[in-house]
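*Asks:* Chain by chain, the residues run as shown.
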Amino acid sequence: MPSDLTYRLRAIFRRGAVERELDDELRFHTEQTVEKLMRSGMTREQAARQARLTLGGVEQEKELCRDARGTRLIEETWQDLRYALRGLRASPVFAATAVLMLALGAGANVVAFSVLNTVLFRKLPVERPEELVQVTNQTHPPLPTFSYPDYRDFRDRNHVFSALAAYRLFPMSLSRDGRSQRLWGYVVTGNYFDTLREGAFLGRVLAPADDRLEHANPVAVISYGCWQRRFGGDPGIVGRQAAIGGHSYTIVGVTRPQFFGSDFLFSPEVWVPMTMLEEVHPGAHAWKEHRGGPFLMMLGRLKPGVAISRAESELRGIAAQLGREHPEQSGGMKLSADPPGMFDGPIRSAGAELGAMVTGIAGLVLLVAATNLAGLLLARGAARSKEIALRLALGASRGRLLRQLFAESGLLAVTGCAAGLALARCLIGWLAAWRPPVDMPVRANFEIDVRGWWFTAALAVATSLALGLAPALAAVRAGVAQALKGDSGAPRRRRWPMRDLLIGAQVAISILLLAGAGLVAGSIRQALHIGLGMEPARTSIAAFDLCQDGYDDARGREFERRLLERLRAQPGVESAAIASTIPLDLGWIVGKIYFEGASAARASDVQEALFYQVTPDYFRTVGTRPLAGRDFNAGDRPGAGYVAAVNETFARAFAGNASVIGKRFRTRPDSGWIEVVGVVESGKHVSLSKGPVLAVYVLRGQVYSTSGTVAVRSNLRPGEAVSLIRRTAAAIDPAVTLYDAESLADHLALQALPGRVAATALSGFGLLALLLSATGIYGVVAYAVTLRTREIGIRMAIGARAGNVVRLVVGRVAVLLAAGVLAGGAAASLLAPLLLRTLFGGASPGRFSFTAAALAMAAAGVAACWFPVRRALGIEPAVALRSE
Amino acid sequence: MGERLELPQGTLDLLILKTLALGPLHGWAVSERLEQISHDAFQVGQGSLYPALHRLERRGWIAATWGVSENNRKARYYELTRAGRKQLGAEAVAWRKLSAAVGHVLDLA
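One line per chain: the protein sequences are A and B, in this order. Numbered continuously in the working numbering, the first sequence closes out at residue 884. Numbered continuously in the working numbering, the second sequence closes out at residue 1109.
Okay, chain A solo, but in the shape it has when bound (with noise of 0.2 Å):
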């Protein structure tokens, strides 16, 4: 009824005016009734009388109108609002502390939430986004993809996608002025953007037009980002020519700024039509025609009304039948159809169980957090309840009470929570920004949206209850009489009660994360020195990918002997070597080995080796040590045999104890034999957990592609080194762009990424849980001193030490804590293993940090008593017993 809440809103809100209004009214009906009594005969002095006496107690009327204005609970609450804040303004110590370790809590849980809410739940920024599906092809995993024939057919054959769109990432190098740069670009169908309905910021997006002719539509479409950082937002942008991959296109169009691309974890820079395919990638032209060649990623628009796993099982029928007509390219395709999400298919659920537990964990730093504050919160509440026993001996109601104690805890867990949002959002923000350091447009394009905000919200209420409940509940179960003789004993005493065991708890989940912490940190520090298979130590590096900038395999191989020869004549260089990669990098290549003389019953009994091309001088400069056979030399040319360096583990593994020097194998049971000329110690290839692998290392000139990595050991800074390195090729070819330019330390730390994340979160949450338990340890000490005040009077009366007095005060939190930091370092040796494989893909055996962590926990623990024990030593007897 408008009108009823237009009256409850002045009610409200102008209350003053309200009120005086009422007051007016009140008068004015007294002044009548003794104006007529004055007419019946009375002097106005009788007359006044009379009227108060008919007419009764003028406050307490007042008080029914409030009533009949039905906002009394609101007037209330107020009240109560203001009288909370006053009473936390008298203590702002305590207030500040409790709503920064809320925010601390809430913040990480926001945190935590938005990142998972993020993978599970988001949408791409575009039109119906609910509509779209990526299709991916789950027969090879990691790559999810589709040939090119295959994209076609599903295209022409399907009755459920509006439109379905093809496309690929490539590494892309765009020059200008001589200068190029290395980014990342995606090769679309030119349907591709009418399927996510994307329209242009400036200029147009690529349509099917821009598809049709081969090698034709030299044409690009760039991200608003890629306008704004290389081209500095030139407004005349749309129309400009700019080099990629040494071919000239012309700009047609911007996207507009919240445009990321069809993929959350990616964001590409650069979109050219698929007619453009060989430009882009030499070779890549061939693909295109070879139905056996997946590369292609698929992403459809439903029509509207179709379900998704409509969609699925039809797409799945025309995988049927193409396996059918195609069945040594196209059988056997497993294929799902899902909403894009951050990840897919397995990669999706692998991330829900980590976001899940990493949620797990904050939600658990806040509940320590939350027990924390309630432990303040029931010392303070010890020191309220005579005065809460008062108003309840003078008739205030039980439901009013509870209600200010809820609101006090009301106002600190809102606040908390809201410090705590614009914490979270300062870290998302962060977080989004951040750029891991690896060669791809990666972007975690985290965002706390609408579900964040109820999270938050959710949040705040389940915090201001769980901070409440329990004060409240002694307050008000108190004994009036007992509290008003000031025997403030509580009446129910368990022996254990509830806070303690929290107590306990908290400082188990903290030696839990800080030993995790240190166990991470420890196995990372111990897989990057033992057994790594290189001494990175003075070994600097770059990489380049000659065929983006225009160069065939006969430059690329002039270019590098330049390099090579030019790099040896500097001063401070001890050696310098290419390699196709580096052991450890993101890509490797994996070949067959056919050794001669093993034979293999069935294909899949064919051993597999990880292959890399390096130059001679290779093993010197990464430090690899060399165990038997000899280096590269100038004999091993380009047309003489093929020659390779093995690993220990290859020579083990084909040839025993004896020597493996001298014997050949091949890659294909039909291909030339290569002959084992040297062995080098085993390492790490893969990633720093994973045990040995074979390896095979050839010689780049003998097999060559025009990617690679070049690395020199020198006495120079790292720093130095790498300009080094930059300068030298420069003035070779100033457009050759050269990346992940950096210490060959640095990048092989780039491998204990995860793990460094991982240690960062856990000794972040660790510490917040250690300082949220020496909180909570100072809460039930301060509480323990405060109600047992008249009893350590007493007992130091007749005669008790102040070491009885301390063993009376902490004794029980001595105890606790002993069973907290056994229990936490009982669940970390257990969860250890579990941590480690997460992390690392296997079990490594690192140092456990448990010492230190208890170490610290007990200190903390100290640290926390400290006042409280002094306080109570400082009791006087005499004070104490008159006090109450």
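Don't take each hint at face value.
Under the rule of at most 30 Å between Cα atoms (straight-line distance), these lysine-lysine pairs were calculated in the DSSO-like manner [stated by the list, open to error]:
hint : chain 1 : residue 1 : chain 2 : residue 2
1    : A       : Lys334    : A       : Lys386
2    : A       : Lys62     : B       : Lys1074
3    : B       : Lys1074   : A       : Lys36
I should point out that these hints are in silico values taken from the structure, not numbers from a laboratory. Computed from a predicted model, the values in this text were never measured in an experiment.
Let chain A serve as the given structure and place chain B on it in line with the hints.
*Replies:* Coordinates of chain B only, in the frame set by chain A:
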């Protein structure tokens, strides 16, 4: 003064609405009018009159404006709204039915 009657729950609202049906009145006038019409059978104190007026106002059945009284004082005048008039009709019918029924039962007993 005759015998004082306790007003049954809810009846006061009906009587106030009826009193205001003739025209706008301030609170004191409402109580005077009620006493006159009922031949002093009802005495309505401030304690129940003003909460009732405010309640009716909140429900939107009466509206309040500040005006000037007969003796030139500022007074708060209440007047029946359209919703209030409808409510009065409905409540009057309900009351008549109720009292007739109660009377019938009493006659029979």
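*Asks:* Could you tell me which of the numbered hints above are not met by this structure, giving the numbers in increasing order?
*Replies:* Violated hint (a single one): 1; every other hint is consistent with the structure.
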